[in-house]
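Chains as they are written, first to last, in our numbering: chain A, 1 to 368; chain B, 1 to 368.
FYI, nobody ran anything at the bench for these hints, they're computed from the structure.
Here the structure is a predicted model, which means the values were calculated and not measured.
In this text, a Cβ means the ideal position worked out from N, Cα and C, and glycines have one as well.
Be aware that one or more of the hints could be misleading.
Simulated coverage check for chain B against chain A, where a stretch passes if three residues somewhere in it have a Cβ under 8 Å from a Cβ of chain A [stated by the list, open to error]:
#1 51 to 62
#2 93 to 107
#3 170 to 184
#4 310 to 323
When the alpha-carbon atoms are kept at most 20 Å apart in a straight line, the in silico EDC-like pairs for lysine to aspartate or glutamate are as follows [what the hints assert, rightly or not]:
#5 Lys-294(A) / Glu-276(B)
#6 Lys-24(A) / Glu-50(A)
#7 Lys-322(B) / Glu-76(A)
#8 Lys-260(B) / Glu-276(A)
#9 Lys-7(A) / Asp-268(B)
#10 Lys-191(A) / Glu-240(A)
#11 Lys-80(A) / Asp-326(B)
#12 Lys-344(B) / Asp-172(B)
#13 Lys-80(A) / Glu-276(B)
#14 Lys-261(B) / Glu-240(A)
#15 Lys-104(A) / Asp-326(B)
#16 Lys-261(B) / Glu-50(A)
#17 Lys-102(A) / Asp-326(B)
#18 Lys-80(B) / Glu-101(A)
#19 Lys-104(A) / Asp-268(B)
#20 Lys-80(B) / Glu-240(A)
Here are a few chain A residues that sit away from chain B, every Cβ distance over 12 Å (derived from the structure) [to be verified]:
#21 Glu-50
#22 Asp-60
#23 Asp-70
#24 Arg-79
#25 Ile-98
#26 Phe-143
#27 His-164
#28 Pro-195
#29 Gly-208
#30 Ala-210
#31 Thr-290
#32 Gln-298
#33 Ile-331
2 protein chains.
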Amino acid sequence: MKIICTKSNLAKGVGIVSKAVPSKTTMPILECILIDATASMIKLTANDMELGIETIIEGDIVQPGMIALDAKIFSEIVRKLPDSEIVITTDDNDQTLITCEKAKFQIAGKSGSDFAYLPYIEKNESILVSQYTLKEVIRQTIFSIADTESNKLMTGELFEVEDHILKVVSLDGHRISIRKIELKASYDHKKVVVPGKTLMEISKILSGDAESEVQIYFAENHIVFEFDQTVVVSRLIEGEYFRIEQMLSSDYETKVHINKKELLNCIDRATLLVKEGDKRPIIIQIGDDTMELKIQSQLGSMDEEIFITKEGKDLLIGFNPKFLIDALRVIDDEEVTLYFMNSKAPCFIKDEKETYVYLILPVNFNAI
Amino acid sequence: MKIICTKSNLAKGVGIVSKAVPSKTTMPILECILIDATASMIKLTANDMELGIETIIEGDIVQPGMIALDAKIFSEIVRKLPDSEIVITTDDNDQTLITCEKAKFQIAGKSGSDFAYLPYIEKNESILVSQYTLKEVIRQTIFSIADTESNKLMTGELFEVEDHILKVVSLDGHRISIRKIELKASYDHKKVVVPGKTLMEISKILSGDAESEVQIYFAENHIVFEFDQTVVVSRLIEGEYFRIEQMLSSDYETKVHINKKELLNCIDRATLLVKEGDKRPIIIQIGDDTMELKIQSQLGSMDEEIFITKEGKDLLIGFNPKFLIDALRVIDDEEVTLYFMNSKAPCFIKDEKETYVYLILPVNFNAI
């Protein structure tokens, strides 16, 4: 194989597919990036068997062929080469010569035929969203997946399409995050659970451009994201997702309207008295025009008042401050509305149209 | 005690003195910052018994007094408070109330009288340099101190004043870095060894402003740096510094003139084939108009040629690539000159006036 491409094209492509290279594996071939120049284009692929990414880069194929190169070494070499043309040449023993200007690197490659190709997916049903929207919706929900493997479904996010709405849900047993996105067209009902890892990696690759689109295909066991010159294929998490409808209620006894940034900064300040791993709650006292936030720990105590607009009853309720921070951080509105039932029932942060709903369970602060 | 000052003034002062707070200590009082408002100004002090820093901040003293506050908690509170006026009030039990707008923090302080004050230093002999110069000379030499405590003198830097020259030297047994600074006045001979840690911390505090000056006082066992509203006092390292003159020679058999950036980038690329802890040398072959750099490891091999201007003999010599990179990174000249004797003798990178001299021992690459 002999190919020629610019450093910037190669570096971009390697950066994209590297997201699917596993950090630990017992199969060394999976730690490689496959360069496939057997056909009319140069395709880079990485695949950790759960998540696979391929991308096409511009360049000239002088002699067709393919090679698998250790992803870590290869990407470091590419990154450190001068901003010029890179020539990659392999011999019959998979020895690979990478040259750029006067720099020559020689590394051992692996036969491309050992590489695990991406599974073939029948691409039938698909929806279209902008790169910006997909990147945003992942950011706005990914924080509330569970990091434990004890319940596999909690490590993923529900992607549900109903007519012209895409609903994305994540939950970890203490909170639920829901985002609804209006699609440009109406589609058949689809409901899958996408691994959180896939979504985290894909959001690093997405440009976030509002003008560029992502085609999302739904298959039996896989989801496929196609955008720019890149294809991301991921396994789905099997099983029935949680019935969240029964946990959502529009009843409330107390409704609070508050400046988001003030609330967020206040909780953020309060948490500095809480050491990592300490489950100290923040206690919120809702009065007529003010909300008082208090926290107490071995390090000291803090309290602060914030002006609010309130409807309904006064309330004293405690929360894990991190859960409030996580939700408030991804809401772009200047003012937010919080709905409470009582000190044992979940709090809802949501807008009127319910384009976002964040449900957070309170903590029993007397018991702590 | 009750004092009022702006968040920005307090945050700046706390940031400065925090550099002298030890990360680990058996004496909890040393983990504190002392706020001393007993006299007409507000002075912050931290002291790890080797290094002490005090700085004066602007503010109003409503009621004189002093208090020692845990540096970590106090600085986090200050950092997260709104950009407004901060009021610090203490009671008879050293309970401290920190308020800012509607936020109130209550933390336990310690009696200021338990605090270890900075030692009193007789300030006689001093020199004057700009903040820029001191910050730069530390950056240009600090990388070649030894991090081992087995030879205490190697963990510090020699500061030697002779007439109107300040010479700063660091060495670690494999290399020597020397910088000479021309002073605006002529001074008596002074020769001290300053702990590397002191220099690293002070360089973080220095503004790097070429117009602001630092007064450096030399005392029996201490060195004192005075600048802006800040005083840094450090113990010196005791003992006779190494006689480096006998290691410096102006003889050479090969003299190479080379573009610094090209050389640095080339060595930087080569090191990606060397894993952390692997002492693989870079081998340099000096010919008439080119220098060829080669490196070989289990990961692969790399070679690259760079155009040079050469005087004298051809040479084949090996180096620890990190040592070359460290020295080249802190030289601002576009072109550098390297002087070699033979493959067993040190290489010198220096300018004509010897404002900088970097000596690097070669490695015996046949033996590896």
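Verification of the hints:
1. 51 to 62: Coverage by chain A is violated here, the residue count being 0 at a Cβ distance below 8 Å.
2. 93 to 107: That given contact holds, which follows from 6 residues of the stretch 93 to 107 of chain B lying within Cβ reach (below 8 Å) of chain A.
3. 170 to 184: It is violated, with 0 qualifying residues against the three required.
4. 310 to 323: violated (count 0)
5. Lys-294(A) / Glu-276(B): Violated: Lys-294(A) and Glu-276(B) sit about 48 Å apart, past 20 Å.
6. Lys-24(A) / Glu-50(A): Holds. Lys-24(A) to Glu-50(A) sits at ~13 Å (cutoff 20 Å).
7. Lys-322(B) / Glu-76(A): holds, 17 Å
8. Lys-260(B) / Glu-276(A): violated, 46 Å
9. Lys-7(A) / Asp-268(B): Answer holds: Lys-7(A) to Asp-268(B) is near 17 Å, not above 20 Å.
10. Lys-191(A) / Glu-240(A): Holds, at roughly 9 Å.
11. Lys-80(A) / Asp-326(B): holds, 17 Å
12. Lys-344(B) / Asp-172(B): holds, 18 Å
13. Lys-80(A) / Glu-276(B): Cα-Cα ~17 Å, so holds.
14. Lys-261(B) / Glu-240(A): violated, 59 Å
15. Lys-104(A) / Asp-326(B): violated, 23 Å
16. Lys-261(B) / Glu-50(A): violated, 43 Å
17. Lys-102(A) / Asp-326(B): violated, 23 Å
18. Lys-80(B) / Glu-101(A): Given pair Lys-80(B), Glu-101(A) is violated - Cα atoms ~50 Å apart, limit 20 Å.
19. Lys-104(A) / Asp-268(B): holds, 14 Å
20. Lys-80(B) / Glu-240(A): violated, 43 Å
21. Glu-50: holds, 27 Å
22. Asp-60: Check passes; 23 Å lies beyond 12 Å.
23. Asp-70: violated, 8 Å
24. Arg-79: Per Cβ check, Arg-79(A) is inside 12 Å of chain B; nearest 8 Å; violated.
25. Ile-98: violated, 9 Å
26. Phe-143: holds, 21 Å
27. His-164: holds, 43 Å
28. Pro-195: Holds, since 31 Å exceeds 12 Å.
29. Gly-208: holds, 29 Å
30. Ala-210: The claim holds: Ala-210(A) sits with its nearest Cβ about 33 Å from chain B, beyond 12 Å.
31. Thr-290: violated, 9 Å
32. Gln-298: violated, 9 Å
33. Ile-331: holds, 20 Å
Consistency with the previously given hints fails for numbers 1, 3, 4, 5, 8, 14, 15, 16, 17, 18, 20, 23, 24, 25, 31, 32, ordered from lowest to highest.
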